[in-house]
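Enquirer: Protein chains in written order, with the working numbering: chain D, 89 to 419; chain L, 8 to 318; chain U, 19 to 356.
Read the hints as simulated data drawn from the structure, not as lab findings. Mixed in with the good hints there might be a few duds.
Result set (DSS-like, lysine-lysine): computed pairs, CA atoms no more than 27 Å apart in a straight line [claimed, not checked]:
1. D/LYS415 - L/LYS115
2. L/LYS145 - L/LYS112
3. L/LYS139 - L/LYS112
4. L/LYS115 - L/LYS139
5. L/LYS145 - L/LYS187
6. L/LYS145 - U/LYS179
7. D/LYS147 - D/LYS415
8. L/LYS139 - D/LYS415
9. D/LYS172 - U/LYS179
10. L/LYS187 - L/LYS112
The following residues of chain D were derived to be distant from chain U, with all beta-carbon distances above 12 Å [stated by the list, open to error]:
11. GLN126
12. ARG144
13. LEU156
14. ALA167
15. LEU215
16. VAL257
17. ALA269
18. LEU282
19. LEU294
20. LEU311
21. THR314
22. ALA389
23. VAL393
24. THR400
25. THR402
26. ALA410
Quick reminder that beta carbons are idealized off the backbone N, C-alpha and C, glycines included.
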Amino acid sequence: MSADTSIPTTGGRPGPAGSVIHDLGYRRYDGPRLGRAQIVRALAWHSFRAAFGFGRGAKAKIIPLVALVALCLPAVVNAFAMSKGQPRVVDYDTYTPALRDLVMTVFVAVQAPELVSRDIRSRVLPLYFARPIKTLDYPLAKYLAFTGACLVMLEVPLLLLYGGSIANVHGGAAVWAQTRALIPGLLVGLMWALVLAAISLFLASLTGRRAFATGAVAIFFLLTFTLAEILLQVEGQNSGPQTAAVKGGPGGGPVMVHPLLYGPSMADKVSGLFSPFTLLEGVRMWLGGTNPADNVPAPGAFGVVDALVLVTITGLCLYGLAARYRKARLA
Amino acid sequence: MTVIEIKNVSRWYGNVVAVNDITMDIGPGVTGLLGPNGAGKSTILHMIAGFLAPSRGTLTVHPVLGQPVPTWQNPDIYRSLGLVPERDSVYAFLTGEEFVRSTAKLHKLASTGAATRQALEMTDMAYAADRKISTYSKGMRQRIKVAAALVHDPEILLLDEPFNGMDPRQRIHMMELLSKLGAEGRTILFSSHILEEVERLSGTIQVMVAGRLAASGDFREIRRLMTSRPHVFNVRSSDDRALAALLVGRPYTTAVELTGKGLQVRTSDFGAFCGQIAVLTRDHEIALRELLPTDESLESVFGYLISSQGS
Amino acid sequence: MTPSTGSGTPPAAGPAPGGLATAVIEANALTKVYPGGVTALGGLTVNFAPGVTGLIGANGAGKSTLIKILLGLVEPTSGTAVVLGHDSVTGGEQIRRLVGYMPEHDCLPPDVSATEFVTHMGRMSGLPATAARERAAEALRHVGLHEERYRQIGTYSTGMKQRVKLAQALGGDPRLLLLDEPTNGLDPAGRNAMLELIERIGLEFGISIVVASHLLGEIERICDRLVAIEGGRLLRADTIDSFTRASQTLLIEVEEGLAALHDELVRRGLRPTAYQRSLLVPIGGDGTYDAVRDTVADLGLPLSRMEQRRHQVEELFRDPGAAGSAFADPAREAADVR
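One chain only, chain D, in its complex shape (with noise of 0.2 Å):
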């Protein structure tokens, strides 16, 4: 089973009746060679491409693919709606926050391990390594692919959403004032994405195992978010009598609140801070965002909190991350 170098060729001259034999020896190569930011470009596609499920057969592209149409329902729902006339259902900048939750957390804790536990497992990284790139590379490709496909996966149901209302009304006014809802939805799709693809991605990281991945994403979501709402209810039935009732509690009912305090109790605003869809709900409100969905209560001045905590827990995983590859590199 060897190559045919044997061959003795003329080195590519024509015989004296013009027949050649070809050198079909080992060539060198000449051409261009690309530098770090395309290769990390070049790793960072072929990662994208991975988080949908496209180069490894059909069986990969059914949870990506299913999750996005599962997101995109509402969209399509709120079009239908309104051509039957009735104004805009469904927020650009919360979107159906139940729905983002659950569906956003299966994607990132079936898709993250496809990125980097598999090369993992695979024990691939050396041959990455070994390569003309520094260590930050590999995690910096794969958070860039990782936070793309998140955004795809956010914003794709908010543009199909504008268009379906964009569809329905008329005037010019009216298309601005979608368009001016949106961009607000857009930024918080891409906050999103920051947070969820840091978090999920170091959490993969961890372990070659795809199944423990995608357990310890989902439980980390989901436990992380329970345990927010548990201490939300708790909170709400600790308060005393002496309080005023305020809208958006737990389950849409009255929160008792102290009425010295515009909005939640400081210890209703702590316990946002326990998950991540919380915390990015917080920051949302902060920023000026519609109203309390999702059962966590507007943070008002605590938003700044809410903000720096979520920027420390995504510098964290993200240096976390980091320091994993350079403790892989030397393995």
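Since chain D is already given, all that's left is putting chains L and U on it; use the hints.
Expert: Positioned in the frame of chain D, the structure of chains L and U alone reads:
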């Protein structure tokens, strides 16, 4: 004198026949069990060690002292038998000494201390016996496994791929140890798929191919038995061309080739060629500088066995 | 054992012969001590010349540490390593552009085809997409993978997987290949094929190769030179020929009548000694050969082997002072590989 008797043994897993009707006798000294990956060497070793039952046939151990016993479901055989498996089967948190001693205790030896010391000395591991096994190199781990297998002074030692991953110095040490044990009269059976190792160590080989026994005995004698293949010799002399002309005229020569470095002679009659070459060169005053059978290496023999059995 | 042919012709592309060839790897007092006190390398000084060099003896920490340092992935505690003219600490990226690495362990994803994988790795080496695809196809052809390259790697045999590993190292057009135990897990036929392939790459492709192996037979067969490392230091570095130089002993084997031959040789004053199933006779000059030949002919014995014994690389690893050792005092100082 047969120490391990294997008769018509087969072992299958559903449709996969790992060992197919093998009959062999293993005696004292060092025997190499040879074959490509998946040939069934590990399976046979585990059956001899009593860890697997044969699907058919019998394996019997004939210890010097005591009755012949079948290997399956017979804990008595462990008195005379030690196994060094391929996998890393040591408790890394124990020290070497503790590990060997624990095996001694499992064997219910009368004096575990003395037995442990002796086993450690035999395998040259006394110097590291107080360190945790997790600090050992690969070669040291192998040796401590051998020490544990030797602690009860067994007559039979089975080793599954004992040289795996060892560097040359470790390998030489292990070979010397096994040679010594074989010379003491023990029965050493080791498996390998690296011919270099086997060639050095064992006189007798058992070659397995796809679950069947392809050949047994001394590999050079096996080569001689392959009469259908012409033997190939490299010859260098003071006058290669003249020698070539002479050889071509002889009935035992099937081909002569003038390579740049001498002659390559193919002969159909090994015995006749060897018997005549010295006389021929003497009588024609050709100085003989080198005579080498080229395919008498274990590698060639093995290659022939695989290809002929596979065809 | 058939004699080794050892050195081949120098690679076609490379520094001009005559004068000192530039070393492809220069290590100078290379030391690496890990936290915890483990010394993987303790002052290794050695040069690797162009061609095919075997690296032996450095099991465990030493070898993998050396490879990581050479690839610029780990900084030495002290000392320097220069690979293809670039310092390993400051020029790591350039080194990795020029070096192809084939790890010892399994490192292939099971669910992609060889074509896809080698192409992707080519892009990771900085090749543009089209070039990566083309070089991947060529590399797979050179290593001998044909239709199977379109199947998933998980379905491959060990031999095929080793070839894929080699192909990804070739795809980036390296000047130097670092092959770590390339015949690991291969059966004799597969081992043979891989060694032939490596030999061909060294001879025809003009790429310098370092083959790390613990199998001396392999190294004797395909390498021009050998670097032997022990305990993190250089044990010996030299050409294979110098390791396997001829000794002054003639080995004779006869199919029968060994004892009679022994006695007759003694009678003729040749001082034979028994060795396994043959006899060793010290060579006093050309006359020794004729005397042996005549003795065998006179006795009418079947002569099956006569060769001037050669030393073997293995002797380097026998303990000093052991019988037959040609290296009673292994040099511990640095040795340039000439």
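Enquirer: So, for every hint listed, does it hold in this structure?
Expert: Structure-based check of each hint:
1. D/LYS415 - L/LYS115: violated (46 Å)
2. L/LYS145 - L/LYS112: Between L/LYS145 and L/LYS112 the Cα gap is close to 25 Å, so the pair holds against 27 Å.
3. L/LYS139 - L/LYS112: Answer holds: L/LYS139 to L/LYS112 is near 19 Å, not above 27 Å.
4. L/LYS115 - L/LYS139: Status holds; Cα separation ~24 Å.
5. L/LYS145 - L/LYS187: Holds. L/LYS145 to L/LYS187 sits at ~22 Å (cutoff 27 Å).
6. L/LYS145 - U/LYS179: Holds, at about 25 Å.
7. D/LYS147 - D/LYS415: violated (32 Å)
8. L/LYS139 - D/LYS415: Holds - the C-alpha atoms of D/LYS415 and L/LYS139 are around 25 Å apart, at most 27 Å.
9. D/LYS172 - U/LYS179: violated (61 Å)
10. L/LYS187 - L/LYS112: Since the Cα atoms of L/LYS187 and L/LYS112 sit roughly 26 Å apart, the hinted pair holds (cutoff 27 Å).
11. GLN126: Per Cβ check, D/GLN126 is inside 12 Å of chain U; nearest 7 Å; violated.
12. ARG144: violated (6 Å)
13. LEU156: Since the minimum Cβ distance to chain U is about 22 Å, D/LEU156 lies beyond 12 Å and the statement holds.
14. ALA167: Non-interface label on D/ALA167 holds, nearest chain U Cβ at 38 Å vs cutoff 12 Å.
15. LEU215: violated (6 Å)
16. VAL257: holds (44 Å)
17. ALA269: Non-interface label stands for D/ALA269: nearest chain U Cβ at 40 Å, farther than 12 Å.
18. LEU282: Answer for D/LEU282: holds, closest chain U Cβ roughly 25 Å.
19. LEU294: It holds; D/LEU294 is separated from chain U by about 19 Å at its closest Cβ, greater than 12 Å.
20. LEU311: holds (31 Å)
21. THR314: holds (35 Å)
22. ALA389: Per Cβ check, D/ALA389 is outside 12 Å of chain U; nearest 47 Å; holds.
23. VAL393: At roughly 38 Å from the nearest Cβ of chain U, D/VAL393 sits farther out than 12 Å, so the non-interface label holds.
24. THR400: The claim stands: D/THR400 keeps its Cβ more than 12 Å from every Cβ of chain U (closest is about 29 Å).
25. THR402: holds (27 Å)
26. ALA410: At roughly 15 Å from the nearest Cβ of chain U, D/ALA410 sits farther out than 12 Å, so the non-interface label holds.
Hint check: violations occur at hints 1, 7, 9, 11, 12, 15; the rest are consistent with the structure.
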